[in-house]
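Participant: Chain by chain, the residues run as shown.
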Amino acid sequence: MNLNNKATAQNTYDAIVVGSGISGGWAAKELTEKGLKVLLLERGRNIEHIKDYTTAMKKPWEFEHRNRLTEAQKETHPVQKRDYPYQEANESYWVNDLECPYTEVKRFDWYRGFHVGGKSLMWGRQSYRFSDLNFEDNKKDGHGNDWPIRYKDLEKWYDHVERFAGISGQVENWPALPDGQFLPPMEMNCVEKSVKKRIEDHWKKERIMTIGRTANLTVPHGGRGSCQYRNLCSRGCPFGAYFSTQSSTLPAAVATGNLTLRPFSLVDHIIYDKETKKAKGVMVIDSESKENMEFFAKVIFVNGSTLGSTFLLLNSTSEAHPNGLGNASGELGHNLMDHHFRCGASGEAEGFEDKYTYGRRANGIYIPRYQNMGNDKRDYLRGFGYQGGASRTGWHKDVAELAFGGEFKDQMTQPGLWTMGLGGFGESLPYHENRVYIDKSKKDKWGMPVLAIDCEFKGNEQKMRVAMMNDAAEMLEAAGMKNIKTYDNGSSPGMAIHEQGTARMGNDPKTSVLNKWNQMHEVSNVFVTDGSCMPSIACQNPSLTFMALTARAADYAVTELKKGNI
Amino acid sequence: MDRRDAVKSVAFLLGGALSATTIGVFLEGCNSNNSDNKGSNLFSAEQDQLITELADTIIPTTKTPGAKAAGVGPFISMMVKDCYPKEAQEVFVKGLEDLEARSKKEFNNSFLKISVKQREQLVGKLRDETVAAQKAENEQNAAKEPAKQELKVPLAAGDRYKGTSYFFAIARDLTLLGYFTSEVGATQALEYVDIPGRYDGCVDMKPGQRVYS
Numbered sequence: 000m001n002l003n004n005k006a007t008a009q010n011t012y013d014a015i016v017v018g019s020g021i022s023g024g025w026a027a028k029e030l031t032e033k034g035l036k037v038l039l040l041e042r043g044r045n046i047e048h049i050k051d052y053t054t055a056m057k058k059p060w061e062f063e064h065r066n067r068l069t070e071a072q073k074e075t076h077p078v079q080k081r082d083y084p085y086q087e088a089n090e091s092y093w094v095n096d097l098e099c100p101y102t103e104v105k106r107f108d109w110y111r112g113f114h115v116g117g118k119s120l121m122w123g124r125q126s127y128r129f130s131d132l133n134f135e136d137n138k139k140d141g142h143g144n145d146w147p148i149r150y151k152d153l154e155k156w157y158d159h160v161e162r163f164a165g166i167s168g169q170v171e172n173w174p175a176l177p178d179g180q181f182l183p184p185m186e187m188n189c190v191e192k193s194v195k196k197r198i199e200d201h202w203k204k205e206r207i208m209t210i211g212r213t214a215n216l217t218v219p220h221g222g223r224g225s226c227q228y229r230n231l232c233s234r235g236c237p238f239g240a241y242f243s244t245q246s247s248t249l250p251a252a253v254a255t256g257n258l259t260l261r262p263f264s265l266v267d268h269i270i271y272d273k274e275t276k277k278a279k280g281v282m283v284i285d286s287e288s289k290e291n292m293e294f295f296a297k298v299i300f301v302n303g304s305t306l307g308s309t310f311l312l313l314n315s316t317s318e319a320h321p322n323g324l325g326n327a328s329g330e331l332g333h334n335l336m337d338h339h340f341r342c343g344a345s346g347e348a349e350g351f352e353d354k355y356t357y358g359r360r361a362n363g364i365y366i367p368r369y370q371n372m373g374n375d376k377r378d379y380l381r382g383f384g385y386q387g388g389a390s391r392t393g394w395h396k397d398v399a400e401l402a403f404g405g406e407f408k409d410q411m412t413q414p415g416l417w418t419m420g421l422g423g424f425g426e427s428l429p430y431h432e433n434r435v436y437i438d439k440s441k442k443d444k445w446g447m448p449v450l451a452i453d454c455e456f457k458g459n460e461q462k463m464r465v466a467m468m469n470d471a472a473e474m475l476e477a478a479g480m481k482n483i484k485t486y487d488n489g490s491s492p493g494m495a496i497h498e499q500g501t502a503r504m505g506n507d508p509k510t511s512v513l514n515k516w517n518q519m520h521e522v523s524n525v526f527v528t529d530g531s532c533m534p535s536i537a538c539q540n541p542s543l544t545f546m547a548l549t550a551r552a553a554d555y556a557v558t559e560l561k562k563g564n565i
Numbered sequence: 000m001d002r003r004d005a006v007k008s009v010a011f012l013l014g015g016a017l018s019a020t021t022i023g024v025f026l027e028g029c030n031s032n033n034s035d036n037k038g039s040n041l042f043s044a045e046q047d048q049l050i051t052e053l054a055d056t057i058i059p060t061t062k063t064p065g066a067k068a069a070g071v072g073p074f075i076s077m078m079v080k081d082c083y084p085k086e087a088q089e090v091f092v093k094g095l096e097d098l099e100a101r102s103k104k105e106f107n108n109s110f111l112k113i114s115v116k117q118r119e120q121l122v123g124k125l126r127d128e129t130v131a132a133q134k135a136e137n138e139q140n141a142a143k144e145p146a147k148q149e150l151k152v153p154l155a156a157g158d159r160y161k162g163t164s165y166f167f168a169i170a171r172d173l174t175l176l177g178y179f180t181s182e183v184g185a186t187q188a189l190e191y192v193d194i195p196g197r198y199d200g201c202v203d204m205k206p207g208q209r210v211y212s
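Protein sequence lines, in the order shown, are assigned to chains A and B.
First residue of the first sequence: 0, per numbering that gives the first Met the number 0; consecutive thereafter.
First residue of the second sequence: 0, per numbering that gives the first Met the number 0; consecutive thereafter.
Source of the hints: derived by calculation from the structure; they are not laboratory data.
Some clues are possibly wrong.
A few chain A positions that, by computed beta-carbon distances, are all more than 10 Å from chain B [as the list claims (entries may be wrong)]:
id: 1; residue: Asp51
id: 2; residue: Thr102
id: 3; residue: Tyr357
id: 4; residue: Gly358
id: 5; residue: Gly373
Think about it this way: if two alpha-carbon atoms lie no more than 27 Å apart in a straight line, the pair counts; the simulated DSSO-like pairs of lysine-lysine are [to be verified]:
id: 6; chain 1: A; residue 1: Lys57; chain 2: B; residue 2: Lys80
id: 7; chain 1: A; residue 1: Lys457; chain 2: B; residue 2: Lys134
id: 8; chain 1: B; residue 1: Lys205; chain 2: A; residue 2: Lys481
id: 9; chain 1: A; residue 1: Lys396; chain 2: B; residue 2: Lys80
id: 10; chain 1: B; residue 1: Lys205; chain 2: A; residue 2: Lys396
id: 11; chain 1: A; residue 1: Lys484; chain 2: B; residue 2: Lys205
id: 12; chain 1: B; residue 1: Lys80; chain 2: A; residue 2: Lys354
id: 13; chain 1: B; residue 1: Lys134; chain 2: A; residue 2: Lys484
We put the beta carbon where it would ideally sit given N, CA and C, even for glycine.
Model the full structure from these sequences, guided by the hints.
Facilitator: If you want it as structure tokens, here you go:
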């Protein structure tokens with residue numbers, strides 16, 4: 000008895016944060032800085048900043064397979080290999096799919112990384128605010144439920160997270176893409192500058208093109224170094240020049256003296272106390288020893304990634320919550336969304352033969368959504384933005400197919416064509432039937448049941464894709480590009496790695512899982528602040544919004560805790 | 000859209016998913032599940048030499064060193080063993096055998112012994128045949144698909160790699176990959192800057208400017 004009490008006391012914290020990725024790192028930082036003793040749980044191994052970025056300084060020829068995958072890697076990574084992010088250069092950051100299977104009722108590409116920092120190590124770093132256009136769309140067209148917040152609720156939290164994370168970008172005064180607290184923008188190259196001017200002139204600034212807003216530092220910031228323009232971000236940055244848990248939020252949390260980080264801690268379920276009607280802690284499986292243990296806290300932040308968090312909630316059943324924690328609405332697991340992309344156009348630029356670029360800019364350009372705004376009306380709902388860029392390669396127009404030989408070789412070493420591409424990122428609607436649930440017919444390496452994913456894009460997305468191709472071609476043409484080609488390479492949910500929804504926020508406990516503070520309607524001391532909380536996904540890259548929502552929720556949670564309300 | 004465009008379109012989408020590393024056009028691997036193929040005896044010693052000479056015909060020494068100096072031959076042998084499914088490995092071995100047989104038939108000598116000119120002639124034919132075969136395959140596939148693609152739900156993405164393996168296409172692909180990512184190719188044929196430190200979006204071309212690797 001005495002021993003047990005001691006063990007419980009040792010395992011008790013003010014707050015537990017489940018997951019150490021982008022949003023979990025923010026939760027840990029904000030909660031520790033407000034004085035809470037925090038236990039940060041991570042299911043995978045630790046990766047120490049800089050020291051463990053083992054490939055970061057390698058040269059191209061130091062990779063045995065020159066960044067291609069071996070047959071053995073393809074066998075253990077049948078999902079991760081489906082698209083380009085899983086490469087030789089950062090293969091240790093991606094899960095072995097055989098250890099953590101899931102059920103694809105329909106194809107869903109689930110990209111995961113089990114380690115401290117999560118996908119904050121490998122993310123694309125594009126950072127855009129949502130606007131009221133986005134917060135109001137659900138209400139306007141009746142798809143999904145109304146967001147319980149508006150831009151004014153989140154604005155100061157965007158300010159807060161941008162100031163710390165360091166986002167470089169250009170102020171544009173574009174209403175659908177609010178400006179932020181920017182570090183100096185990266186430079187467009189000469190072709191991009193020309194395209195920007197011609198598009199903005201042609202459409203009289205009803206369409207704009209800006210440099211990508213990215214969490215790469217263009218000047219030293221907060222003790223971190225500035226971008227060295229190597230474009231090797233996804234290996235981990237030894238200069239700390241992009242935002243990740245390791246470079247940014249984790250050191251801040253550690254500096255408070257209030258943080259305990261525990262890697263190899265897979266949370267099996269949240270322990271619910273039916274007397275207090277609150278969560279009292281979590282049951283953890285040590286993912287190395289498979290030993291079970293319990294940890295306790297007054298507040299729990301769930302930040303295990305969109306589908307990781309929803310799995311945890313679905314798996315946290317009890318007499319009072321037979322269908323998953325806080326799931327009286329029945330919405331837990333529903334309304335899964337992702338961006339659809341891999342669709343657009345490219346063309347060749349002429350007249351810049353005497354110009355070239357220096358340095359490898361890990362950033363492109365951005366054309367924010369302009370459809371279904373003002374006078375622009377479409378035959379589909381919502382809209383898309385474009386990412387893209389111009390570059391000059393060693394490819395030359397007159398090179399024959401499968402050419403070889405000395406002349407060909409020497410030609411390949413001289414700067415050749417300038418090409419410019421635009422690729423759309425489209426919003427998908429929140430469909431109730433796009434959902435996940437627990438499949439007990441399989442078990443993963445740790446003895447846990449698995450997630451079943453049943454999700455597809457539908458007609459609105461398909462219609463939008465036609466416009467994503469045609470508009471891109473139209474703008475490239477207006478910009479004077481030649482030999483324009485459109486493409487649609489197909490897009491399966493999950494591929495954009497912007498999966499969101501399944502534990503949505505809302506005002507009504509009957510139709511949503513979380514309230515406007517990301518707090519569970521039914522369990523007041525549990526907060527969910529990763530992508531699972533999103534009632535809609537807009538077309539912008541979402542991570543910045545997860546950061547802002549997390550900081551806002553942490554502030555609220557601590558205030559409520561101090562008031563004795565939770 | 001050819002594969003090169005497909006890869007480029009991915010490279011543009013920097014924020015799409017996760018960061019692309021080198022914007023090389025050589026990102027892809029091949030797509031199969033067989034892996035009982037890591038046999039070290041896939042090629043005979045002579046075939047290893049043949050691969051080296053073939054690579055050096057594809058990327059020869061000019062004012063900069065060629066594929067042989069960059070060690071591309073052994074690289075290709077290793078890549079075919081490690082990164083290709085059995086079916087493609089077989090195509091590759093058969094391609095080597097055919098090349099050698101044709102050399103003997105046309106020039107009464109091993110590919111290893113014939114002149115550079117003769118090698119170019121043989122490889123040129125191989126190249127023309129491969130282009131024709133790929134073209135025919137593309138046309139056949141295009142004929143199979145409905146004239147106009149109707150709205151497909153769900154919009155599934157294709158697998159990363161599809162299509163028939165061609166000996167010359169694999170050999171050329173691996174030669175280019177191996178050469179331009181080798182230290183010799185990246186630093187002498189191309190210009191390699193390890194840590195650029197800044198980005199200049201608009202610089203004047205210098206005379207003799209090489210592509211940055």
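Participant: Of the hints given before, which are not true for this structure?
Facilitator: When the structure is compared with the hints, numbers 3, 4, 7, 9, 11 and 12 turn out to be violated.
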